[in-house]
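Quick note on numbering: the UniProt record's numbering labels position 530 of the sequence shown as 530, and the sequence is numbered without any gaps.
Since the hints were made in silico from the structure, they are not lab data. Some clues are possibly wrong.
Below, computed lysine-lysine pairings styled on DSSO-like, alpha-carbon distance capped at 27 Å [to be verified]:
1) LYS253 / LYS141
2) LYS141 / LYS579
3) LYS156 / LYS97
4) LYS240 / LYS253
5) LYS94 / LYS193
6) LYS87 / LYS156
7) LYS579 / LYS53
8) LYS253 / LYS178
9) LYS94 / LYS253
10) LYS141 / LYS97
11) LYS468 / LYS87
12) LYS253 / LYS579
13) LYS94 / LYS141
14) LYS141 / LYS326
15) LYS178 / LYS240
16) LYS178 / LYS141
17) LYS240 / LYS193
18) LYS87 / LYS53
19) LYS253 / LYS87
20) LYS193 / LYS178
Derived CB-CB ranges, DEER-like [unchecked claim]:
21) ARG563 / GLN228: 56 to 64 Å
22) GLU413 / ARG274: 46 to 54 Å
23) TYR38 / GLU140: 25 to 33 Å
We put the beta carbon where it would ideally sit given N, CA and C, even for glycine.
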Amino acid sequence: MLRRSRRLRPLALTAIALAVLMGVNLPPAVAYVQDWQYQRLINSLEYQREFGKWDVLDLPVDQRVNAIHSALLPSGKIMLIAGSGNKEDMFATKALKSLLYDPATGESRVIPVPDDMFCAGQTLLPDGRLLVAGGTARYEKLDGAVTYAGGAMRVKNENPDVARDIPAGTEFVSPEGKAYRTIRPNVVPPAAKVATRTGATVTAAEERVFVEAVAPGPQGITLQPGLQYAITGLDADAGKDVYGLGEALTLDKQNYQGTDTAFTFDPVAETWTRVDDMDFARWYPTLTPLPNGDVLTLSGLDNIGNVLNGETEHFDPRTNRFVEDKQLTQYFPTYPSVFATGEPGRLFYTGTNSGYGPAEAGRLPGFWDLDTNVITPVPGLRDPNLLETGGSAWLGPVQDQRMVVVGGGGIGESPLTTGRIDEIDLDAPDPAFRSGPVLPDPVRYPNLTTLPDDSMLISHGSRDYRGKGDSDVLDAHLLRPTAEPGGTLVEAADPHVGRNYHGQAVLLPDGRVLTAGSDPLFDDERNTIPGTFEQRLEIYSPPYLFQGGDRPEITAAPDTMRRGTTVRVETPDAERIGKVRLMRLMSSTHVTAVDQFSIAVDARPAGPGALELTLPPDLETMQVGNYMLVLVDDRGVPSVGSMVRVP
């Protein structure tokens, strides 16, 4: 908004002169001429060659969803997942949706989802399926809105021979006669039994469940933890083995609660399939793909509404199973930005996250050694207390091991926001953040999208929490890698649609960027009108699409490429190709896109109409997964991506 105003100052002077000559009301005349001149400006070829162009897509009413998650599938289609879309009435009626959108044809199709995937984690698996894990089991209840006291009940099973079902509605009764009921079903496994010389040692199994008081109001409060609760309806023998140990049960705020369910979406059959449940319920988790194709599952709110205390799981796409890694116990706030690096067994946590968690825990950026479970902090980041709702991404090809942290805000509803762009070289002898450019406006919720020409699109966001005070930043920039820290920041065209909380951006096969979502708290500057979820899509066409002449073309390429091999790609433009990139198919939610990166590929002409590509040999660079092969000519213009799988 601010940058657009600066561009229109000369146009405003023209409008004032015309208004005086015509004797018309000044403000409408200025606005009319400004808008007319602005539309003429942004639709001119000269402008688009320098800044690019945004186009708004307004889908039919029956094809609109509250997009929370976006992912590019190997079919070239975009999966937009809403689930209940942050609408409690949709959650109650199980009107749970996803939208499959084809950017090549403009066609779309609403596909129901089998569970509420709102605020789950997601990433693409090596075989092309989209994995979605966790989601919403229960909406939050704020202070003052809690009618029935609630909290955690630890359910114990001392029987080593049988598991015990705990159906929804199971009643627990305290020694003083207060009754509480479970909200969701659960199963308590058998107790552990270890044989000894004199017999056996039995250790009770335990599951934590959320319970609510049967009686409303203060009479349902129990503040004393550790009381033993009997379970109503059990026979005498079972009643000896199974019981509850209550924690504090209060009328305090109750957070969102996560689910332990996981599903995959098949891009060919276009259907959802349930896979193995996680060991832990998660809401706001991160799913970080590892170089070998496994998925590390981190953080989130559990089935009680607490941030998981370091419980980490591996998902194996070959067996479709989650397994807890009891050695990895690092604590992270929800949606932590954790990336696989070029060094085996080492991840990097940029410090950016999307909320939920105390200020003093899990906030420092650093290297995470998976063999020792040690995080080594890195120094130098400006505004280190403003990382919540900030963005993180690779700058340039992943071989360069350069990452940037962009924007962010204070914890919770803090009004503090930063526009810093800081870079770190993970391969440096002593890695530390270095100060880069600063955005014209401080911003939280910025979308970062890596483009095939190695530049990064930084777009959208807001200056305040969830766009409060009409603070959306209708702004975009291109960050280009240079020798200087953080690269060079140049202006891009202004988007038309504001996006803050629940906004996403995804690179399309044709080199454009699709943006979706936005969930403002309010719709007016004075914060009096409840916010409306933004259901329009908007697509950015970068300047490289307006350079004139023909785009480079891939006429034939393998659909599978293996590390360390040489492959032939047919193209009539072989002599003018400047670089070749493999762009990892990405997914995005809550400013978190940890599966987004590009790989630089060595190429040389292989006779008329062909290139010979030499693929990187190491697993940490050329990770298992799905990519788009893109040829970029000597003008920086990319081809349409060709889908490739690295097995």
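Outcome of the hint check:
no. : hint                        : verdict
1   : LYS253 / LYS141             : holds, 6 Å
2   : LYS141 / LYS579             : violated, 53 Å
3   : LYS156 / LYS97              : violated, 37 Å
4   : LYS240 / LYS253             : violated, 34 Å
5   : LYS94 / LYS193              : violated, 41 Å
6   : LYS87 / LYS156              : violated, 35 Å
7   : LYS579 / LYS53              : holds, 24 Å
8   : LYS253 / LYS178             : holds, 21 Å
9   : LYS94 / LYS253              : holds, 24 Å
10  : LYS141 / LYS97              : holds, 23 Å
11  : LYS468 / LYS87              : holds, 19 Å
12  : LYS253 / LYS579             : violated, 54 Å
13  : LYS94 / LYS141              : holds, 19 Å
14  : LYS141 / LYS326             : violated, 32 Å
15  : LYS178 / LYS240             : holds, 20 Å
16  : LYS178 / LYS141             : holds, 22 Å
17  : LYS240 / LYS193             : holds, 17 Å
18  : LYS87 / LYS53               : violated, 32 Å
19  : LYS253 / LYS87              : holds, 19 Å
20  : LYS193 / LYS178             : violated, 33 Å
21  : ARG563 / GLN228: 56 to 64 Å : holds, 57 Å
22  : GLU413 / ARG274: 46 to 54 Å : violated, 36 Å
23  : TYR38 / GLU140: 25 to 33 Å  : violated, 42 Å
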